[in-house]
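Chains A and B supply the protein sequences, listed in that same order.
In short: position in the first sequence from 1, add 90, done, that's the numbering used here.
In short: position in the second sequence from 1, add 90, done, that's the numbering used here.
Everything labelled a hint here was simulated from the structure, so no lab data went into it.
Don't take every hint at face value.
Copies of the same chain look alike in the list, so a pair counts if it fits in one copy or across any two.
What the hints assert, rightly or not - 30 Å max Cα-Cα, derived DSS-like pairs, lysine-lysine: (1) K98 x K143; (2) K106 x K229; (3) K300 x K121; (4) K229 x K101; (5) K276 x K160; (6) K161 x K181.
Protein chains: 2
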Amino acid sequence: MVSKNQLKLIKSLHQKKYRNQYGLFFVEGLKTVNELLTSHFEVEHILLTKAMKERFEKNETLLVSEIDLKKISSLQTPSGILGVFKIPKIKPLDLQDWTLALDSIRDPGNLGTVIRLCDWFGISNLICSPTTVDCYNPKVLQATMGSIARVNIVYQDLEELIVQSELPVFGAFMDGDSVYEKVIPKKGILVMGNEANGISTDLEKIIESKISIPQYGVSTTESLNVATATAILLNEIRRG
Amino acid sequence: MVSKNQLKLIKSLHQKKYRNQYGLFFVEGLKTVNELLTSHFEVEHILLTKAMKERFEKNETLLVSEIDLKKISSLQTPSGILGVFKIPKIKPLDLQDWTLALDSIRDPGNLGTVIRLCDWFGISNLICSPTTVDCYNPKVLQATMGSIARVNIVYQDLEELIVQSELPVFGAFMDGDSVYEKVIPKKGILVMGNEANGISTDLEKIIESKISIPQYGVSTTESLNVATATAILLNEIRRG
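Next up, chain A with everything else stripped away, as it sits in the complex:
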């Protein structure tokens, strides 16, 4: 049975401060927990409700009541299984392919979707500006669907990254050149900007290639959501 102290600790992991303090985060749902168990992530605890225990055959789990699970869950309807894992050590970056860099992405759902896209398109390294939402935020993890296990995520100053790297740097801008007409190199860095303000002006100055997704039909003031724009641009990079 899970202890009161364990419940208190897990509840605190909703906050970035405590995730960093304890070096832990949690995910929910049978599929995601199973994916993380077969990944490089080290497990700390698995909490199961009685009903879920029959569907989960591994040992060393902690029983949790539905009521207690609801108290610590990030879901309106908890799934009956919650896994606590260790935040992995950062792997040194090896930028031999395309890398995605996010400048101040604030919405957890957007970051989660972008991580899932990196997984789909085989982008191994995702670099986030320190102002980007924390990737171990429960809402981010809910949207990644286990993809977090296959993408190396690093928080780093993007100016530093770009200045130090010798790779070609592409950035998504409303007024960039059509991505359809660009020659896409074999490797590079793609920078995507904040939901409301796009790429910051300081970064803009050091980005060589400004690209955009052509709007079709009537021109409006709208932009694409950052996750859908990232989907389209990663597809453009990979389709060649």
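Fit chain B to the known structure of chain A by using the hints.
Chain B alone, transformed into the frame defined by chain A:
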């Protein structure tokens, strides 16, 4: 000043049943309200807080207190402006271009993002199965960002649509042929399926071309989110 009855009516518009009964829906935020005011939508009421009144110059508005607005708003932090509009009459379908058809999309955020994508890529007609979430749902409208004004949305049985239409029909499937290798016709219908189950088996039988977005790198059990998959496929259709 807005009356108690008006507040009660607007609050009821959170539910589809009352939206249909009154033929009304509401949107929030200065940009979205302004976009709908300059569109074919007919306005019923504009509610403004005192603070917002200075930023909005049109006449015939109703003053609302911050407290009352919070009670009827769909937002955690209301923006100070709420517009009630009439649900428009359905325009007859004229399928002379690409049309998007959604089979049981349940998540309001996904439908909102898809409407925004239709707007970006100039897809004028969006056909939703009757099991798809209502497009006048406040959470859908929050995600569309005014694009609702430029896309004709019709709820209709998709089997009927496909059988009656002479257009080529493409459907997104995990095991479809690579979209990169398909010859994309000048017009057609693209069908996207439900978040968990994809396109229903009854519809699958009458779809001629099954397409998919190639996965890059390690093959996983994950799929793409329906909104990001729609983004990529509409981009493929429009880039030619």
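Hints, verified against the model:
no., hint, in the structure
1, K98 x K143, "within (22 Å within a copy, 46 Å between copies)"
2, K106 x K229, "both (12 Å within a copy, 27 Å between copies)"
3, K300 x K121, "between (39 Å within a copy, 27 Å between copies)"
4, K229 x K101, "both (14 Å within a copy, 28 Å between copies)"
5, K276 x K160, "neither (47 Å within a copy, 51 Å between copies)"
6, K161 x K181, "neither (34 Å within a copy, 48 Å between copies)"
Violated hints for the displayed structure, listed by number in ascending order: 5 and 6.
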